[in-house]
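Undergrad: Chain residues, written in single-letter form:
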Amino acid sequence: MGKTLFDKIWDAHVVNNIEGGPSQLYIDRHYCHEVTSPQAFEGLRTRGLKVFRPEKTFCSPDHNIPTLNQDKPIADPVSRNQVETLTRNANEFGVTLFGLGHAKNGIIHVIGPENGLTLPGYTIVCGDSHTSTHGAFGAVAFGIGTSEVEMVLASQCILQPKPKTMRINVNGQLRPGVTAKDIALYIIAKMTTGGATGYFVEYAGDTIRNLSMEERMTVCNLSIEMGARGGMIAPDETTFAYVEGREFAPKGEEWEKAVAYWRTLPSDPDAEFDREINFDAADIEPRITFGTNPGMGIGINDPIPAPDPEDEAGKISYEKSLDYMGFKVGQVLAGTPIDYVFLGSCTNGRIEDFRAFANFVKGKKKAPGVTAWLVPGSWKVDAQIREEGLDKILEEAGFEIRQPGCSACLAMNEDKVPAGKLAVSTSNRNFEGRQGPGSRTILAGPLVAAASAVTGVLTDPRTV
Amino acid sequence: MKEKFSTITSTCVPLPMENVDTDQIIPARFLKATSREGFGDNLFRDWRYDKDGNPVKDFVLNDPTYSGCILVAGKNFGSGSSREHAAWAIHDYGFRVVVSSFFADIHKNNELNNFVLPVVVSEPFLAELFESIAANPRTEVKVDLPSQTITNLATGNSETFDINAYKKQCLSEGLDDIEYLLSKKDDIEAWEAKR
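Protein chains in written order, with my numbering: chain A, 1 to 464; chain B, 465 to 659.
A couple of the hints might just be wrong.
[What the hints assert, rightly or not] Quick list of in silico lysine-lysine cross-link-like pairs, BS3-like style, CA-CA up to 27 angstroms:
{"hint": "1", "chain 1": "B", "residue 1": "K649", "chain 2": "A", "residue 2": "K50"}
{"hint": "2", "chain 1": "B", "residue 1": "K648", "chain 2": "A", "residue 2": "K251"}
{"hint": "3", "chain 1": "B", "residue 1": "K658", "chain 2": "A", "residue 2": "K50"}
{"hint": "4", "chain 1": "A", "residue 1": "K162", "chain 2": "B", "residue 2": "K468"}
{"hint": "5", "chain 1": "A", "residue 1": "K56", "chain 2": "B", "residue 2": "K468"}
{"hint": "6", "chain 1": "A", "residue 1": "K315", "chain 2": "B", "residue 2": "K648"}
[Stated by the list, open to error] Which bits of chain B does chain A cover? Going by a derived footprint, with three or more residues having C-beta under 8 angstroms, they are:
{"hint": "7", "region": "488-496"}
{"hint": "8", "region": "537-543"}
[Said to hold, decoys possible] Going by beta-carbon spacing under 8 angstroms, a handful of chain A positions derived as facing chain B:
{"hint": "9", "residue": "T36"}
{"hint": "10", "residue": "Q39"}
{"hint": "11", "residue": "Q82"}
{"hint": "12", "residue": "T193"}
{"hint": "13", "residue": "P303"}
{"hint": "14", "residue": "A306"}
{"hint": "15", "residue": "P307"}
{"hint": "16", "residue": "G420"}
Calculated from the structure, these hints are not laboratory results.
Just so it is clear, the structure is predicted and the values come from calculations on it, not from any experiment.
By construction, the Cβ of each residue, glycine as well, lies at the ideal position given by its N, Cα and C atoms.
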């Protein structure tokens with residue numbers, strides 16, 4: 001029987017299989033940020049250990065940094081200490097740091113790919129659930145806890161039970177105004193927030209194949225929001241064209257060898273998956289969420305559905321969720337006044353997202369009552385925004401660009417949506433309080449965000 | 465000193481919510497610490513305290529009717545962020561077992577790595593357990609790791625639960641994965657060399 005893309009990469013990285021237990025998996029690339037790593041480095045110190053393979057770990061502070069005045073000391077002393085701790089740890093243990101103010105600094109899941117650190121066939125981990133982003137390159141990439149960060153630092157290996165495999169096929173032509181984010185939100189709503197738990201997902205089909213690398217990253221990024229251990233897409237010419245020439249990517253003869261290997265990775269025609277699911281691209285509308293997990297999503301013009309009458313236990317959570325959001329079953333949300341718009345995050349903070357947003361708002365004006373935070377995913381994205389003149393378009397439309405970081409996606413810094421306020425956010429989670437205590441989040445793609453920013457109400461981009 | 469896990473009999477704290485995400489277990493603004501200690505104070509912070517910091521009376525952790533070191537929660541417990549701080553908060557608060565009908569993968573690993581035992585039970589067993597606790601908040605549950613069984617002592621019903629043999633040994637003997645991996649350094653170097 002043939003092997004899946006996932007199996008080929010996983011099997012090529014198994015150092016040992018523990019009988020009746022997990023696999024000992026070798027890790028090619030380890031990304032670190034300031035929030036989930038300090039206790040891991042401290043653990044090494046306590047045990048008197050060094051980092052085993054320091055050249056394979058790259059760090060960037062992103063979660064807990066301001067998006068204004070990054071040249072000045074961080075005002076919050078607790079945040080400052082956490083960011084400075086990452087700097088100290090990187091220096092002490094000899095791992096690469098793209099610190100605050102560095103030209104390569106940015107959200108770890110944005111800078112990995114843009115610097116050629118993320119490659120097909122790799123095993124990639126980070127103490128962050130959105131590590132699944134890197135699966136877009138045909139890598140086995142998944143989020144881990146801090147104890148596991150310590151394992152990787154200490155041994156370049158991790159102990160993991162092998163997940164089951166699932167293939168999600170999306171075929172057909174996307175409708176106008178539908179983005180990669182909408183594809184992902186559609187799949188998550190169909191699967192539910194926990195529906196892919198225990199599985200590693202491969203996305204396939206012609207709709208997926210026709211996506212750009214950045215769009216593929218958006219789709220894979222959100223895999224965790226249906227519980228999947230990770231998501232991945234087979235490497236192809238689109239992948240190779242993106243990777244070629246990037247700083248840390250292989251060069252010359254090494255490049256040729258690498259591409260030849262990467263071409264062997266796609267799932268064999270007779271490979272079998274534990275689950276296989278098909279979706280039709282034509283069924284996907286611009287999407288929004290209405291509840292407090294990313295699986296609670298609908299097309300932008302659909303009414304909020306009633307809870308499943310069969311699911312007595314789920315009803316309590318569903319009602320609590322709608323109560324928190326202040327919405328009712330049957331309500332259509334298009335036209336609802338909004339307070340905040342957030343463009344950014346590891347989900348939608350790349351140049352194509354800024355192009356889409358800027359092209360939409362070009363010649364229009366931001367609605368007066370809306371606070372908009374536009375936060376590039378990295379300094380490289382910021383530089384490209386300026387190079388392409390998107391900053392001018394955005395400024396003329398009344399928007400300002402902030403400095404890179406995770407920002408309002410999880411609101412660890414000052415970028416907090418106030419209690420009760422409604423935000424249209426291109427980020428990845430609409431959990432209670434995610435964007436600030438009491439904040440209410442509607443997840444959407446960059447076009448819905450742009451349309452809503454100029455009208456001041458939740459808006460279908462096809463109607464503006 | 466390393467903890468060891470064997471058999472626990474305790475009353476339970478019921479949380480009959482589904483999809484309890486790690487942002488609820490420990491909100492992001494409490495993740496700024498650089499040590500593992502003290503997270504229990506902010507466990508379920510925004511459900512447990514109002515915006516002025518006063519305890520929310522009807523939240524289960526503030527209700528003296530319920531106590532014990534076993535947390536019983538609805539399905540898909542620990543979804544979302546990979547933050548191990550969630551497992552640290554659960555452990556620091558005093559829980560040693562979390563019972564649910566299924567767990568998010570990353571959080572489940574995080575619990576196991578912190579000597580909190582995630583026990584996966586069937587939906588009917590979970591529903592009955594919630595009913596038992598509602599009928600009598602002093603309902604006790606026995607979790608026996610050696611035999612991998614969980615028993616609702618109110619009804620006498622029990623189920624076996626899965627845990628891989630390696631992790632079972634780690635919990636029983638107080639071992640952690642890093643010690644195991646360090647013992648395999650030669651294998652790792654040999655693997656790198658033949659790559």
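Undergrad: Tell me, which hint numbers fail for this structure?
TA: 2, 5, 6, 13, 14, 15, 16
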